[in-house]
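Respectively, the protein sequence lines represent chains R and V. 98 is the number that the working numbering gives to position 89 of the first sequence; each next residue is one higher, with no gaps. 176 is the number that the working numbering gives to position 167 of the second sequence; each next residue is one higher, with no gaps.
Be aware that one or more of the hints could be misleading.
The list treats identical chains as interchangeable, and a pair is accepted whether it falls inside one copy or across any two copies.
[Stated by the list, open to error] For lysine to any residue, the following SDA-like pairs were computed, each having C-alpha atoms within a straight-line distance of at most 25 Å:
| no. | residue 1 | residue 2 |
| --- | --- | --- |
| 1 | Lys140 | Gln79 |
| 2 | Lys200 | Glu138 |
| 3 | Lys189 | Ala90 |
| 4 | Lys189 | Glu81 |
| 5 | Lys23 | Ser210 |
| 6 | Lys200 | Ser210 |
| 7 | Lys68 | Gly89 |
| 8 | Lys37 | Thr219 |
| 9 | Lys161 | Leu179 |
| 10 | Lys66 | Ala88 |
| 11 | Lys161 | Glu138 |
| 12 | Lys161 | Asn192 |
Derived by calculation from the structure, the hints in this document are not laboratory data.
Protein chains: 2
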Amino acid sequence: MSTKVITIDTQILKKNDIAAQENRDIFKQHRILAINLLSSPGSGKTSLLVKTCSALKEKLRVAVSVGDLQTEADALRIAGAGVPVVQINTGTACHLDAHMVQLSLKVLPLAATDILFIENVGNLVCPAEFKVGEDMKMMVLSIAEGHDKPLKYPLMFRESSALVLNKMDLLPYMNTDMNKVRNDSLALNPKLKIFEVSCTSGAGIDAWATWLSGFRS
Amino acid sequence: MSTKVITIDTQILKKNDIAAQENRDIFKQHRILAINLLSSPGSGKTSLLVKTCSALKEKLRVAVSVGDLQTEADALRIAGAGVPVVQINTGTACHLDAHMVQLSLKVLPLAATDILFIENVGNLVCPAEFKVGEDMKMMVLSIAEGHDKPLKYPLMFRESSALVLNKMDLLPYMNTDMNKVRNDSLALNPKLKIFEVSCTSGAGIDAWATWLSGFRS
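Construct the complete structure from the given sequences, taking the supplied hints into account.
This is how it looks when you write it as structure tokens:
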């Protein structure tokens, strides 16, 4: 059985990589910076995007593709920030693949987009394995998830260019060892850029948004 | 492509179901209550098991199989509660399947076990799709994950017999709408038994442990 599974996984990943390259060509043609945003369920990806889109939209043209198994709740929240957004419902799939993202590109105003955020399905495992044509992966970790996540889910930390530590306002009420989070993350990925934010208080959002806008200024 | 993928998924699930039935037979033979414990990463499954094993072990013989991509950190924490535990490292797999659980049964003291907890990989999607031979699925949701999770990940809420709302000590610092969590969960699954606990303060653990022990008394 295992041989068969591996073969099929390879096929799926190969077909995905072809579609990812097509997406990459589309992003290049329109000079779009594409960011694949990853995290556990409930880390605050959507809250971060609402704050980030609000902070960036005066300077840059931002759009969002957002993946969820069901509901358009996240798209409605992001639309409130006044940016174009498409909800992708994956049904039972635990990650976005390049084909799903390609469908969303057909309805977004690509010629009027500088940065596209692709908010993946909440999952610390499979979304790290499927390229969707992005320039960079970035991840969000709620500090309420605990300090053991880098060592337990190493691929996502290795694959990401930035780590946003969210819900920093909860730190006084948690046992989370922030030095362990930072040290274990950097041991896996020495180039990882780490931000500390609170989407509730707004702390840290400006530094994160300024860093992001540097890629397109 | 989609036809091929669906065919393979079916094969995988069919082979998994055969192994799940074998596990079920093993549990029946040894009169073991097997509970498949599911949640997002960082909801507190391991903390809950440490507290639960401590509360139950004077009355019942408890054992644990715990799944993670990497590390034996969770097994070491659970072993601290003085119960037999096996760590299953799944590598890149985002869920436990029945074969993986079957491997752990070969090294656990089955003849001396009343309740086996199977702590799944942290993931709100795929673990709900793979039976491992369990009598019941139960899930943990950290209230720091937000009130939108039932509608966004409905299968897990439908499949679970109990929902443990953890990190209740954080409620004063959160915007989580607990009525929405409860109402949306019960709309998906009217028979769902809901517990509110804090593994940090210990609140609610006794009621949960007493309910669990009722299945084997």
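(request) Go through the copies and call it for Lys68 and Gly89: within, between, both or neither, with a Cα cutoff of 25 Å. (result) Within one copy only: 18 Å inside, 54 Å across.
(message) Within, between, both or neither: how does the pair Lys189, Glu81 come out at a Cα-Cα threshold of 25 Å?
(response) The answer is between: 17 Å across copies meets 25 Å, while 36 Å in one copy does not.
(request) Classify it for me, Lys161 with Glu138: is the Cα-Cα distance of at most 25 Å met within a copy, between copies, both or neither? (result) Both, since 15 Å and 22 Å are each at most 25 Å.
(request) Using 25 Å as the alpha carbon limit, work out where Lys140 and Gln79 are close: within a copy, between copies, both or neither. (result) both (22 Å within a copy, 22 Å between copies)
(message) Within, between, both or neither: how does the pair Lys161, Asn192 come out at a Cα-Cα threshold of 25 Å?
(response) Classified as within; 14 Å inside a copy, 33 Å across copies.
(message) Reference check for the pair Lys37 and Thr219, CA-CA at most 25 Å: within, between, both, or neither?
(response) Result: close within a single copy only, 22 Å intra versus 60 Å inter.
(message) If the cut is 25 Å between Cα atoms, do Lys161 and Leu179 qualify within a copy, between copies, both or neither?
(response) Close inside one copy (22 Å) and across copies (24 Å); limit 25 Å.
(message) My question is about Lys23 and Ser210: at a cut-off of 25 Å on alpha-carbon distance, are they close within one copy, between copies, both, or neither?
(response) Answer is neither: 43 Å inside a copy and 49 Å across each miss the 25 Å cutoff.
(request) Go through the copies and call it for Lys200 and Ser210: within, between, both or neither, with a Cα cutoff of 25 Å. (result) neither (28 Å within a copy, 38 Å between copies)
(request) Indicate which option fits the pair Lys66, Ala88 if close means a Cα-Cα distance not exceeding 25 Å: within, between, both or neither. (result) within (12 Å within a copy, 51 Å between copies)
(message) Regarding Lys200 and Glu138, is the shortest C-alpha distance of 25 Å or less found within a copy, between copies, in both, or in neither?
(response) within (19 Å within a copy, 36 Å between copies)
(message) For Lys189 and Ala90, with the copy left unspecified, which applies at a CA distance of at most 25 Å: within, between, both, or neither?
(response) between (34 Å within a copy, 24 Å between copies)
Checked against the numbered hints above, the structure breaks hints 5 and 6 and satisfies the rest.
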